[in-house]
Amino acid sequence: MGSKTSLSKALVRRETISGYLFMLPCLFFFLTFVIYPMFMCVFTSFFDSNMGKNTTDVFIGLANYRELFSDRIFLGALRNTFVIVLVSVPVVMVFSLWVASAIYDMPMVLTSAFRCIFYLPVVTGSVAVTVVWKWMYNNYYGIFNFLGKNLGLIDKNINWLGDEKYALWCIILILLTTSVGQPIVLYVSALGNVDKTLIEAAEVDGANRSQVFRNVKWPQIMPTTLYILIITMINSFQCFALIQLLTSGGPNHSTDTIMYYIYYTAFKLYRYGYGNAMGVVLMIIIAVLSAVQFKLGSSDN
Amino acid sequence: MLGKKSKLTRTVELTVIAILALLFLFPLYWIITGSFKTPQEVNSVVPVWWPYEWTLRNWKTLFSKLKAPVFEVMIPFSQYFSSDGLPIVMLKGVTGPAAIRWIINTVWMAVASMVLTCLTAGLAGYALAKKRFVGRRIVFTLIVCAMALPKQVILIPLIREMSALRLYNTMNAVIFPIVGWPFGVFLIKQFAEGIPDGILEAARIDGAGELQTFKTIVFPMIKPGIGALAIFTFISSWNDYFMQLIMLSSTNNLTISLGIAKMQAENSTDFGLIMAGAALAALPIITVFIIFQKYFTKGITMGAVKG
Amino acid sequence: MRKTTALLLALVMVISLAACAAPAGTETAAGTEAAAGTEAAVETAADTKASEITLWTYPIGGWGNAETVDSLMADFKAATGISVKVEYLDYTNGDDQVNTAIEGKSAPDLIMEGPERLVANWGAKGYMADIADLWDDEDRKEVNSACQAACFTADGKCFEYPVVMTAHCMAVNYTALEKAGKADLVNKDTHTWTTQQFKYAVAALYAAGNDPVAAIFCGGQGGDQGTRAIINNMYGGTFTNAEHNAYTADSAENIKALEELQAMDGISFDASIVGGDEINLFRQGILKMAFCWNIAQQLNEDNNAAGLTNDGDEIVFMSFPAEDGNAKLCGGIWGFGIFDNGDAGKIEAAKEFIRYFCEGEGTEPAVKAAQYFAARTGVHGRDLSGIWSDNAIMNEYNKLMPYLGDYYQVTGGWAEARTAWWNMLQAVGSGASVADSVKTFCETANAAAK
Chain A
1 MGSKTSLSKA
11 LVRRETISGY
21 LFMLPCLFFF
31 LTFVIYPMFM
41 CVFTSFFDSN
51 MGKNTTDVFI
61 GLANYRELFS
71 DRIFLGALRN
81 TFVIVLVSVP
91 VVMVFSLWVA
101 SAIYDMPMVL
111 TSAFRCIFYL
121 PVVTGSVAVT
131 VVWKWMYNNY
141 YGIFNFLGKN
151 LGLIDKNINW
161 LGDEKYALWC
171 IILILLTTSV
181 GQPIVLYVSA
191 LGNVDKTLIE
201 AAEVDGANRS
211 QVFRNVKWPQ
221 IMPTTLYILI
231 ITMINSFQCF
241 ALIQLLTSGG
251 PNHSTDTIMY
261 YIYYTAFKLY
271 RYGYGNAMGV
281 VLMIIIAVLS
291 AVQFKLGSSD
301 N
Chain B
1001 MLGKKSKLTR
1011 TVELTVIAIL
1021 ALLFLFPLYW
1031 IITGSFKTPQ
1041 EVNSVVPVWW
1051 PYEWTLRNWK
1061 TLFSKLKAPV
1071 FEVMIPFSQY
1081 FSSDGLPIVM
1091 LKGVTGPAAI
1101 RWIINTVWMA
1111 VASMVLTCLT
1121 AGLAGYALAK
1131 KRFVGRRIVF
1141 TLIVCAMALP
1151 KQVILIPLIR
1161 EMSALRLYNT
1171 MNAVIFPIVG
1181 WPFGVFLIKQ
1191 FAEGIPDGIL
1201 EAARIDGAGE
1211 LQTFKTIVFP
1221 MIKPGIGALA
1231 IFTFISSWND
1241 YFMQLIMLSS
1251 TNNLTISLGI
1261 AKMQAENSTD
1271 FGLIMAGAAL
1281 AALPIITVFI
1291 IFQKYFTKGI
1301 TMGAVKG
Chain C
2001 MRKTTALLLA
2011 LVMVISLAAC
2021 AAPAGTETAA
2031 GTEAAAGTEA
2041 AVETAADTKA
2051 SEITLWTYPI
2061 GGWGNAETVD
2071 SLMADFKAAT
2081 GISVKVEYLD
2091 YTNGDDQVNT
2101 AIEGKSAPDL
2111 IMEGPERLVA
2121 NWGAKGYMAD
2131 IADLWDDEDR
2141 KEVNSACQAA
2151 CFTADGKCFE
2161 YPVVMTAHCM
2171 AVNYTALEKA
2181 GKADLVNKDT
2191 HTWTTQQFKY
2201 AVAALYAAGN
2211 DPVAAIFCGG
2221 QGGDQGTRAI
2231 INNMYGGTFT
2241 NAEHNAYTAD
2251 SAENIKALEE
2261 LQAMDGISFD
2271 ASIVGGDEIN
2281 LFRQGILKMA
2291 FCWNIAQQLN
2301 EDNNAAGLTN
2311 DGDEIVFMSF
2321 PAEDGNAKLC
2331 GGIWGFGIFD
2341 NGDAGKIEAA
2351 KEFIRYFCEG
2361 EGTEPAVKAA
2371 QYFAARTGVH
2381 GRDLSGIWSD
2391 NAIMNEYNKL
2401 MPYLGDYYQV
2411 TGGWAEARTA
2421 WWNMLQAVGS
2431 GASVADSVKT
2441 FCETANAAAK
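Order-wise, the sequence lines are chains A, B and C.
Here the working numbering is used: position 200 in the first sequence is 200, and no number is missing along the way.
So the mapping is simple: the working numbering equals the position in the second sequence, first residue as 1, plus 1000.
So the mapping is simple: the working numbering equals the position in the third sequence, first residue as 1, plus 2000.
One thing to keep in mind: the hints can contain errors.
Straight line, CA to CA, 16 Å or less: simulated EDC-like cross-link-like pairs of lysine to aspartate or glutamate [claimed, not checked]:
no., chain 1, residue 1, chain 2, residue 2
1, B, Lys1065, C, Asp2070
2, B, Lys1007, A, Asp105
3, B, Lys1130, A, Glu15
4, A, Lys53, C, Asp2130
5, C, Lys2351, C, Asp2133
6, A, Lys156, C, Asp2265
7, B, Lys1065, C, Asp2302
8, C, Lys2199, C, Glu2323
9, A, Lys156, C, Asp2211
10, C, Lys2077, C, Glu2352
11, C, Lys2368, C, Asp2070
12, C, Lys2105, C, Glu2361
13, C, Lys2125, A, Asp57
14, B, Lys1065, C, Glu2067
15, A, Lys149, C, Asp2211
The following label-pair restraints were derived from C-beta to C-beta distances [said to hold, decoys possible]:
no., chain 1, residue 1, chain 2, residue 2, range
16, B, Thr1095, A, Tyr36, 35 to 43 Å
17, B, Glu1053, C, Ala2207, 34 to 42 Å
18, A, Phe43, B, Tyr1080, 46 to 54 Å
19, B, Pro1284, C, Glu2314, 43 to 51 Å
20, B, Val1144, A, Trp98, 47 to 55 Å
21, B, Thr1015, A, Gly192, 19 to 27 Å
22, C, Leu2134, A, Asn54, 19 to 27 Å
23, B, Thr1015, A, Phe43, 53 to 61 Å
24, C, Leu2134, B, Val1045, 51 to 59 Å
25, C, Glu2314, B, Leu1023, 41 to 49 Å
26, A, Leu86, C, Ser2145, 38 to 46 Å
27, C, Ala2242, B, Glu1053, 23 to 31 Å
No lab work stands behind these hints, which were simulated from the structure alone.
Heads up, the beta-carbon is just placed ideally off N, CA and C, and yes, glycines get one too.
With the hints as extra help, turn the sequences into a complete structure.
Take a look at the structure:
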């Protein structure tokens, strides 16, 4: 970066032209299909914009936003979204770290077999995965009710997806199985890269297993942990397919997330401006959380 | 190394993980066996762990239910001058099972997204890392900000935009937003930053053109990054259910995920048929994954280390 | 050097835009010809007919079955030269699909469903073309008057031409009831019963070890008429007022019915299933009563002979229970409407389609395919009354038709009201207070009705 001062004016111009030419294809897609709609999302959120051929958008200022914070369903969706994030992120982190540290020093074949198996639900895709889970949760002939009754855990069929008490947790369980694959792969490789000599040195000094982990391994896998934290968080915020395919936000809005509620507002209630306002709120929340994490990450390094 | 942990804890740990692994395998096992079961077996209150009589009924229904030409090639830009605003078909394959068409659509969508993303991100990532152009900081900030946002929030404006551009209900409507997503640029930039300025300088002094420099010097050095990005884009676009759901509507244009979801909605309790569809959706990508497993894990790891 | 860069960029654009992009529509047997729009000159002229149109249809009897529809479309093409691309919707995602298509400006030319969607929703929002000019005096005489009332708006516009109709009812697993020793509660001749008899039947089936006996399915979308009909009829409540401008589901009669259902052993409010699931569970013998029933279900022989469950139990269709036994059944009306996509040629071709199937030579096959009753007594003098004369089940089912009640599904804000209805049932199923839940429902629905 030090070379900046030495650049002449002509060189700057040359660099700018060639730089933008290199950027052009990317900028074309980025500006047209990400930035422009994002701008429109913010813009329309100040309008009362509905479906209808002969309706025109009416500017209503912040009315959509004011309505949002008195909309019980939206607040419920916000709460559900946070429950999903707050439950799934720590569970995914702990579970994947545990599995990874158990399998990373096994014989190569076993390690890669396990890694592969835990990654399977990710490649299988949410639609195919939900097909099976929908059957497992089925009220009338699902496997959970069958096993539960036969093992004496429950005495009456439980309507897993049809009962407010369980539906959100059922969704979270599936989300977990589809979320741990990538973190496990990452942790396995991060643990494999931990400097062996440091571990041995610590053991020579008489450190026990947990001390080795805390003082040697943990600091070295910290960057991986941060990365996993961020991707898991973003993934959990984006949980949509499971809900759309399994519960449509029901029963009684108990599995609505903001993501699903935006879709619902747009295509079931036909209120585009209102839906966009929700999108803006979600953008702000995620931006703030990401900024906090970036800050934490950079101060750590 | 085994000696370091007590043998007992080790065994217990291994057993628990093996059981968990079986649970993770279960959905796949159930999809595949389920696709060969009779309706009575699939819907039996007592689970049928292994089909008594293997039947092809579900697969037959899957392949006979809906028909579509197995592929269609459109004249580029034809939607802008055709009389009804739809692209004009240049070449059309024989009519076959719609499920085959969905697979072909999905492969095309994932490959096109992958190639375009790698191309645009490769060029742009290099420029961002190594070119000192005016406005670079602003572009970079924009990219970082956009990266953290869930793309679903822009669904409503995006649909309107796609319809204005006459792209709605075409594969391009799914591909373009994926290509526009800036994660790739960010990733490649991290890789390209490792290129020593001296080599580029030397190439310039030798009189190498910009593109030549990119081809001979930059590309080989960011190749691992491109590989990681390619894998990442392929999987994520294959499974990007949301974008497909809102952008594609006609049976001919569905992806396999959407096709299965549609079948599930139409025959919600014909689990056998749905399992066959799910197996068809899952098996190709799982095969690809197992063959390229080494590259997948490498790609994912690389993406994380640099991203 | 810059030239090569530019060339590369141009290449990228072309590759991306050349990317596979297909026009809407599944291939039908009739539509295998060249793609749309090659005869641009013909199509731009405003009053010439388009040679290809698209039809989206919900699964209305055989109209959801590609083979049946293909042969209908082939006949239509032979008669008129117009080919039709057909797309099949389902009740779970169909509405969202149409709405995204409308928002994406690629709505189909023709759509097949009932007035609650075509007239009260898309018609009211201004997306449908007025087809009042298709009606002459003879049509007015021949088409069932309830159907006419539902298809026309108050200001005389018509957004749907009806082709078939039916009355929705419920069904009972008669064999199971016999085993429970209470077969006498069901009158197989009149097919009607009282609320008291219905309650005894549920109790008897429940006592015989069936839990649940029946499900108030509330997962969403299709089949809502069944849930409304059971609740409205038990104590004579109504869903809307007679003028069709306000929702009245919060009346004392409805609250009483809902509270009883909520407390009744054997009735489960199930948010994990939709109407189609309920039918299947009933066919599989898991549920012993179905609320989402009609003649097409009674005729269905996919898994067993018509009128039998998969295990061979006898299915008896019944009117919904009412205190005096005289229920007001919910009507089902299905027909075609035209989306106004601004192309006069397409609209003209779509009208040709309607003339052919609703008041022309295609009417009998269209009705037969749908497996419902014709919406008119004759086609310009050609009598239709004998259309099902050879079908004993249809004739038996005809006994229910006199109980057809008010077609209230055209009340304003219907789509929003339906969504709110499911939420209300889910809330009641979760144990919420019935009075509060129906009150919330009526507030939401009435706000949308304005």
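Verification of the supplied hints:
no.	hint	verdict
1	B:Lys1065 - C:Asp2070	holds, 13 Å
2	B:Lys1007 - A:Asp105	holds, 14 Å
3	B:Lys1130 - A:Glu15	holds, 9 Å
4	A:Lys53 - C:Asp2130	holds, 14 Å
5	C:Lys2351 - C:Asp2133	holds, 10 Å
6	A:Lys156 - C:Asp2265	holds, 14 Å
7	B:Lys1065 - C:Asp2302	holds, 14 Å
8	C:Lys2199 - C:Glu2323	holds, 11 Å
9	A:Lys156 - C:Asp2211	holds, 9 Å
10	C:Lys2077 - C:Glu2352	holds, 11 Å
11	C:Lys2368 - C:Asp2070	holds, 14 Å
12	C:Lys2105 - C:Glu2361	violated, 33 Å
13	C:Lys2125 - A:Asp57	holds, 14 Å
14	B:Lys1065 - C:Glu2067	holds, 9 Å
15	A:Lys149 - C:Asp2211	holds, 14 Å
16	B:Thr1095 - A:Tyr36: 35 to 43 Å	holds, 39 Å
17	B:Glu1053 - C:Ala2207: 34 to 42 Å	holds, 37 Å
18	A:Phe43 - B:Tyr1080: 46 to 54 Å	violated, 26 Å
19	B:Pro1284 - C:Glu2314: 43 to 51 Å	holds, 45 Å
20	B:Val1144 - A:Trp98: 47 to 55 Å	violated, 32 Å
21	B:Thr1015 - A:Gly192: 19 to 27 Å	holds, 23 Å
22	C:Leu2134 - A:Asn54: 19 to 27 Å	holds, 23 Å
23	B:Thr1015 - A:Phe43: 53 to 61 Å	holds, 57 Å
24	C:Leu2134 - B:Val1045: 51 to 59 Å	holds, 52 Å
25	C:Glu2314 - B:Leu1023: 41 to 49 Å	holds, 42 Å
26	A:Leu86 - C:Ser2145: 38 to 46 Å	violated, 59 Å
27	C:Ala2242 - B:Glu1053: 23 to 31 Å	violated, 57 Å
Going down the numbered hints, you'll see the structure goes against 12, 18, 20, 26, 27, while the others check out.
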